[in-house]
Amino acid sequence: MNTNGYKTSFFLASRSIMRGSRGSLYLTVLIIAMVFINMIFMPSIIMGFIKTYEDQFIAYDIGNILVSPKTDDQYIEDIDGLIERLNSVPGVFRAAGHYSTGATLRYKGNTLGTTINAIKPNDERLVTNIHKRIKDGDYLGEGETGQIIMGIQVSGHRDKAEDMGPTLGYVSSGDSVTVDFTNGVSRELRIKGIIETGSYTTDQGVYITWDEMESVLGHPITEGSYVIIKTDPGVHEDTVKTQIYRFGIAEKVQTWEDILKEAMGRAIADFAMLNSITIIVSLIIAVVILFIVIMIKTLSSRRQIGVLKAIGLDKGIIVFNYVFQVLIMTTLGIILGIIVLEAMVAILTAYPFQFSDGSVTPVVTTADLVNNTVLLYGAGFFAGYIPAWRVASEDIMTAMRA
Amino acid sequence: MIEVFNLSRFYQMGHVTVRALNGVTFTIKKGQFIGITGASGSGKSTLLHLLGLLDRQTEGTIKIGGVDVSTLSDHERTLYRLKKLGYVFQDYALVPELTVEENVFLTSIVRGMKQTEYMQRTDEILKRIGLFDRKTHKQSELSGGQQQRVSIARAIVNGPEILYADEPCANLDSESSKTVLDLFKQINQEMGQTIVMVSHEDWHLQYFDRVITLRDGGIIRDGIP
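Same order as they appear, the protein sequences are chains A and B. Numbers 13 to 414, taken from the working numbering, label the letters of the first sequence in order. Numbers 44 to 268, taken from the working numbering, label the letters of the second sequence in order.
Just chain A, same shape as in the assembly (with noise of 0.2 angstroms):
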């Protein structure tokens, strides 16, 4: 078929779609829209709620890049020294150490084993946002004593329903809690302040600072659990990691893509996998929906069908006559859809979902928008090209009998 025969099929399938049944268009273009919207927008929920904890992860848990023991190492040796070297490193906006042990909080009663942080606050402010998120009280100050600082899974809520897990019972910022540590220590302290991220994980950490748990031990810390590192705006962290190899730093060093492909690298093919049976499906409705209206539209026209053919139209301008019209109206439902789908985000981002790991909103992305426009074009065409060739290949005389 030449130029002028897609001229004459697109002439035809606008005049069609213009002047044809409104009702049906209508309601056609509103079913592709509908299946465009949930091509897009389960997946986007998804991607939205691995976005959240992302972000919760690098804001409150590792920064961006974490440095732990070698294998077989318990704690990282030297750690000053340690984090001095990778605060010089290129990339780097800073380091913060961490000293961690067990240790069992007791309070009116309530007994509940966990583990116990030591930082350094002033380092600690400039790699995680923990110290935005004081509910109750305030961040610690770099060298005090006598303090503890936790989240609200374990103080616990006013109302106990909220508590996810074991907690306190519901301590707030000035009460006193029971520490026993696993090396026979045990000390009341003050707490200063109560954590709540919206991150399960995060809002389960108990934090001293470093003095206090040099206190504890009995001795000055010179090794650490692991360091958290916060790199420049901008710098990505596969680069700044291999800057801190470059520096012949000997640790474990994991970004925080490296450590969640790792965590949640199942859940995450998982997701995959539901999202692309959401597509598959939605594709399916779409193709059976337009394959059902072209079918339709072709079986009755078809005497008008022969009569196109017997007056010196090719087979090729009648097929694309509804190909470009299944085209037309795909066309139409990914605009409505978007314009749906935009006003669904919108609307969800001032009002995200609350789950129990934070808010999420639905991450909609040009990308996710051009495959799955290009997908439902594929699939259109498929549902216009199969039963309008079905008809247009049947002889002329057949069709003007119809």
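Treat the hints as calculated values from the structure; they're not laboratory data. Since the model is a prediction, treat every value here as computed from it, not as a measurement. There could be a bad hint or two in this list.
Derived list of chain A stretches under chain B, where covered just means 3 residues or more per stretch with a C-beta under 8 angstroms from a C-beta of chain B [what the hints assert, rightly or not]:
id, region
1, 24–32
2, 314–320
Here are some chain A residues the structure puts well away from chain B; computed CB gaps all over 10 angstroms [what the hints assert, rightly or not]:
id, residue
3, Leu42
4, Asn50
5, Asp73
6, Thr83
7, Asp92
8, Gly121
9, Gly149
10, Gln159
11, Met176
12, Glu269
A few chain B residues facing chain A, derived, Cβ under 8 angstroms [said to hold, decoys possible]:
id, residue
13, His92
14, Thr121
15, Arg124
16, Leu125
17, Tyr130
18, Phe132
19, Thr150
20, Ile152
Beta carbons: idealized from backbone N, C-alpha and C, even for Gly.
Here the structure of chain A is known, so what remains is to put chain B in place on it, guided by the hints.
Chain B in isolation, oriented as in the chain A frame:
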């Protein structure tokens, strides 16, 4: 211009072979207005479909302008119909979503004609058939006679060598039929258009230069009405 030799069309209906057209031979000269008549089932529409390359014969040959069109491939026949033949059908067969002028110039787009050229031709034809002021109307806004006149305009807009009409007045009242037949006659006389028309109305015969009468798939009369 048209040479038909021993043309037959048989249909298989179960175990029975129906001989719709049985070995007809005749010629048509350029510029003639031919009527094909006969009772229902005589084979007149079958003959028109074969002459118009809408159907394939079982036996025999059709030559138009010396070209044996019975051997053309489907694609070649489509192109031949587009470029050399025009059709007017009993039920007008206009595209309902198109306006009057769009129905008329539709095949001109396929032929790759420039828009200014086909718009000019369409206007000329619509003026000739008296529907210029209705050119933006849709089929549903026209009477049966007007629809058939649009169908004629569509058939002649590209200047076909032969115009075929299959009982074009069958759905029209006698007044509209007369208007349509007058138009055919006018086109035949003023433009020298060769027209082959199937009809079963006796009063139509006065319009034809020559009448071929069929019965049971064979010619029983061929001459001046």
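For each hint, the structure was consulted:
Residues of the region 24–32 of chain A with a Cβ under 8 angstroms from some Cβ of chain B number 6, which satisfies the need for three, so the listed coverage holds. As drawn, the region 314–320 of chain A meets chain B at 4 residues by the rule of a beta-carbon pair under 8 angstroms; at three or more, the given contact holds. At roughly 21 angstroms, the least C-beta separation between Leu42(A) and chain B is larger than 10 angstroms, which holds for a residue marked as non-interface. For Asn50(A), the shortest C-beta to C-beta distance to chain B comes to about 31 angstroms, beyond the 10 angstroms cut-off, and the non-interface label holds.
Non-interface call for Asp73(A) relative to chain B: holds, since the shortest CB-CB distance, roughly 62 angstroms, exceeds 10 angstroms. Against the 10 angstroms criterion, Thr83(A) stays outside the reach of chain B, whose nearest CB is about 73 angstroms from its own CB. Residue-level check passed: Asp92(A) sits 81 angstroms from the nearest beta carbon of chain B, beyond 10 angstroms. No Cβ of chain B approaches the Cβ of Gly121(A) within 10 angstroms, the least distance being about 82 angstroms, so the stated non-interface status holds.
With 10 angstroms as the threshold on Cβ separation, the claim that Gly149(A) sits away from chain B holds: the shortest Cβ distance comes to roughly 73 angstroms. Every CB of chain B lies more than 10 angstroms from the CB of Gln159(A), the least distance being 80 angstroms, so the non-interface label holds. Consistency note on Met176(A): stated as away from chain B, and its beta-carbon is indeed over 10 angstroms from all of that chain's, at 62 angstroms minimum. At roughly 55 angstroms from the closest C-beta of chain B, the C-beta of Glu269(A) stays outside 10 angstroms, upholding its exclusion from the interface.
A distance limit of 8 angstroms between C-beta atoms decides the matter here; for His92(B) the minimum to chain A is near 6 angstroms, and the interface restraint holds. The closest approach between the C-beta of Thr121(B) and any C-beta of chain A is roughly 5 angstroms, which is under the 8 angstroms cut-off, so the hint is satisfied. Interface hint at Arg124(B): satisfied, since its Cβ lies 4 angstroms from the closest Cβ of chain A, which is below the 8 angstroms cut-off. Evaluation of the Leu125(B) hint against chain A yields a held restraint, the C-beta minimum of about 3 angstroms falling below 8 angstroms.
Contact between Tyr130(B) and chain A, as hinted, is supported at the beta carbon level, the nearest pair being about 6 angstroms apart and thus within 8 angstroms. At a threshold of 8 angstroms, the smallest CB-CB gap from Phe132(B) to chain A is about 6 angstroms, leaving the interface hint in force. A cut of 8 angstroms between beta carbons decides the hint on Thr150(B): the least distance to chain A is about 6 angstroms, and the hint holds. Satisfaction of the interface hint for Ile152(B) is found here, the shortest Cβ-Cβ separation to chain A being roughly 5 angstroms, below the 8 angstroms cut-off.
The earlier numbered hints are all upheld by this structure, with none contradicted.
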